[in-house]
Every structure is written in C-alpha cells, then in structure tokens.
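Chemist: In order, the protein sequence lines correspond to chains A and B. Add 2 to the 1-based position in the first sequence for my numbering, that's all there is to it. Add 2 to the 1-based position in the second sequence for my numbering, that's all there is to it.
Keep in mind that the hints were calculated from the coordinates and are not lab data. Among these hints, one or two may not hold up.
Copies of the same chain are indistinguishable here, so a pair counts whether it falls within one copy or spans any two.
[Claimed, not checked] For lysine-lysine, the following BS3-like pairs were computed, each having C-alpha atoms within a straight-line distance of at most 27 angstroms:
#	residue 1	residue 2
1	K56	K81
2	K71	K160
3	K56	K11
4	K28	K160
5	K160	K38
6	K45	K56
7	K38	K71
8	K180	K22
Protein chains: 2
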Amino acid sequence: MIKKDFQEKCLSEETIFRGKIIGVYKDTVALPNGEKAAREFVKHPGAVAVVAIKEEGLLLVRQYRYPLKGDLLEIPAGKLDAGEAPGDCALRELREETGYRGDLTTLGAYYSSPGFSDEVVHIFWARNLVWDPLGPDADEFLEVEVIPWQEALQMAAKGQFRDAKTALGILLVQGALK
Amino acid sequence: MIKKDFQEKCLSEETIFRGKIIGVYKDTVALPNGEKAAREFVKHPGAVAVVAIKEEGLLLVRQYRYPLKGDLLEIPAGKLDAGEAPGDCALRELREETGYRGDLTTLGAYYSSPGFSDEVVHIFWARNLVWDPLGPDADEFLEVEVIPWQEALQMAAKGQFRDAKTALGILLVQGALK
Numbered sequence: 003m004i005k006k007d008f009q010e011k012c013l014s015e016e017t018i019f020r021g022k023i024i025g026v027y028k029d030t031v032a033l034p035n036g037e038k039a040a041r042e043f044v045k046h047p048g049a050v051a052v053v054a055i056k057e058e059g060l061l062l063v064r065q066y067r068y069p070l071k072g073d074l075l076e077i078p079a080g081k082l083d084a085g086e087a088p089g090d091c092a093l094r095e096l097r098e099e100t101g102y103r104g105d106l107t108t109l110g111a112y113y114s115s116p117g118f119s120d121e122v123v124h125i126f127w128a129r130n131l132v133w134d135p136l137g138p139d140a141d142e143f144l145e146v147e148v149i150p151w152q153e154a155l156q157m158a159a160k161g162q163f164r165d166a167k168t169a170l171g172i173l174l175v176q177g178a179l180k
Numbered sequence: 003m004i005k006k007d008f009q010e011k012c013l014s015e016e017t018i019f020r021g022k023i024i025g026v027y028k029d030t031v032a033l034p035n036g037e038k039a040a041r042e043f044v045k046h047p048g049a050v051a052v053v054a055i056k057e058e059g060l061l062l063v064r065q066y067r068y069p070l071k072g073d074l075l076e077i078p079a080g081k082l083d084a085g086e087a088p089g090d091c092a093l094r095e096l097r098e099e100t101g102y103r104g105d106l107t108t109l110g111a112y113y114s115s116p117g118f119s120d121e122v123v124h125i126f127w128a129r130n131l132v133w134d135p136l137g138p139d140a141d142e143f144l145e146v147e148v149i150p151w152q153e154a155l156q157m158a159a160k161g162q163f164r165d166a167k168t169a170l171g172i173l174l175v176q177g178a179l180k
C-alpha cells in the first residue's frame, strides 16, 4: 500500500454539474506537503464491455461517438444502470447490441481514466453464444461488424483498434485461450 | 465507415465548466431518426503512458488518485502540455516519474472513455533505459515500484492491474516481444 502521507485530504467540495450520466466536481485538497491544490473530476456509474466470438469472428459494434465527432469500432459495451450487477448489464448490452447471449467469464475491472474519473469498466468474455435479441435503446444507432478472430488479434497487436477497452479485451482473451 | 445517417448533428452547445484540465459540455443533438437528445461530454488534452522494463523488471508508479479516493499502481503516465508532441511528453513523464529516459516506440493511441470523453492515451514502449532524472511536478507525490516482468505479465493476464492503460500496455509489449 501507499505511504499514508501520500493521501490527499479533502478540504472543500464544489459540485459543478449533476448530469444524466456524469457528475462533475471540483474539490480543494491538502497535499502531503501541506500545500493546497484543486482536483477536478468526473463521477461515472461504471460500464461493461464484452468480448464475444462466433465461428465467423469477433462481434464488434460501430457507432457514432459524439465526444469524438466520429464513429468508432468497439466491442459491445454500455453503462451500468443504477443498482445493476455488472454481469447482468453485460448480458443486457450484448443482447441489445448484437442479439446474442452467452456464458460470461470476468476478465477484470479497470479504471479507464483514473486521473480525472472514477469510471470502472468491467470486461467480460461471452462464450456459447445463442441468438436471443433484446431491442436496443431508443436513442442508440449502431451497426454490428464481424471480424475473423485472427484478424482481430493482428489488428489489436498493431494498435489498429482506437478504443482502449476493445484492444484490452481482445488481448486478455488471447491470453486466456492459450 | 459508418452509414452517414448514424451521425448526430449538433443543434446547440452549452459550456458547463472550463477547468484547468478538463472542459465539460452539454450539447443538444439531432439523432438519425430526427429526435433530439442531450450529450454530456468531457474534453481532455490527451495523455501518454510508457512501458519501461529494466533488468530488474517493469517500472511502475504508485500514486494517490483523488477520483478513486485511493492509490493505484500504473505505468508512468501524464497529461500532454499544450502543443506538446506525445513522444516528448512520454519522455518527460518517464524522466520525471522514474528518473529514466529511453528510446521510444509507439504502441498506439487509444480512446480511454469514448462514451463521455475525447481523451486519447498514447502508449509507448521505452527501451535502452539510461538514468537521466528530471524533477517531478511540485504537486505530484509518487513511489516507484519495480515488478519482475514475468510477474507483471501474470498479473496482467489475471486482471490484477486495476488501471486499463497499464494492463493494455503490458499485453501489447508481451505481443511485440514474441
């Protein structure tokens, strides 16, 4: 564990924004040396992502990502609803986005941007896929793309996936398959 | 590429917060079906992270991460200064946080949280490490930890690193070393 005197102590909290998805805060903290500093950060409900491989290949989802002002190819993923267990969320998102359900194995839970956000992404591996669709969210528009698994591995190794959880999920399953 | 009609068109922009590090915005957009929706998002300057392996093992940094209210073990990393090239930033952060410089190879650039942020993390591999320290930032308090490379690989495979860029960087170097 970290030396106790590395902790930053909260002196005052300021709520900047309580949004539908994110909350934004600016706290004043005491640093280990006694100086004051500001800490801007984002609270997020957490998310899931799922590596699901059919005979034809890896199931991917292409969608418009507004923060990037462009589209992005990702493994199926989504935010946790209030009180929702990560495994339930992963199954729901997989069914909504690809139409498949599967047996889930956890591949870990990861902080996506710990410098400014508490978001945790729970990554799962879905096996024994069966068709069992659930309608997508009303404001979700996406296309499923299937990439042969060996090709997906090569793309991940070459840094060709632009989404961190997608590259990480693929490489974790590659290791687990050995 | 994505179907053109998946794009979300900005109807109006609202600036919520211009912080020292992040900017927070809430835009109203037109969805492909003509409906309106709100999009909350965070602009971030981008970041770098560096996988650096000495004979003794992988160089890691443990530091207090205020959004998590706890400490986290990560590869050396940091935010891009305005106008700074990712490679220059990687070298600077590696020197500031561990005291070493090295020859850099890119391992890709990844969106860390594309659902709500435009943050890109540029991951590098640093080789031929030589001691060439640069003082850390005044408000940065951290400890360097060295973990034998084979142990780091096992920890990454088991999901024992809680930081996404750290697990991803380690697995990318594992693939490149084969």
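Chemist: Look at each hint and say if it fits the structure.
Modeler: Status of the hints after comparison with the structure:
1. K56 <-> K81: Within one copy only: 24 angstroms inside, 38 angstroms across.
2. K71 <-> K160: within (24 angstroms within a copy, 35 angstroms between copies)
3. K56 <-> K11: neither (49 angstroms within a copy, 34 angstroms between copies)
4. K28 <-> K160: neither (38 angstroms within a copy, 34 angstroms between copies)
5. K160 <-> K38: neither (43 angstroms within a copy, 38 angstroms between copies)
6. K45 <-> K56: Answer is neither; intra-copy 35 angstroms and inter-copy 36 angstroms both fail.
7. K38 <-> K71: between (36 angstroms within a copy, 17 angstroms between copies)
8. K180 <-> K22: Cα proximity of K180 and K22: none, with 42 angstroms in one copy and 45 angstroms across.
This entry does not satisfy hints 3, 4, 5, 6 and 8, going by the numbered hints stated previously.
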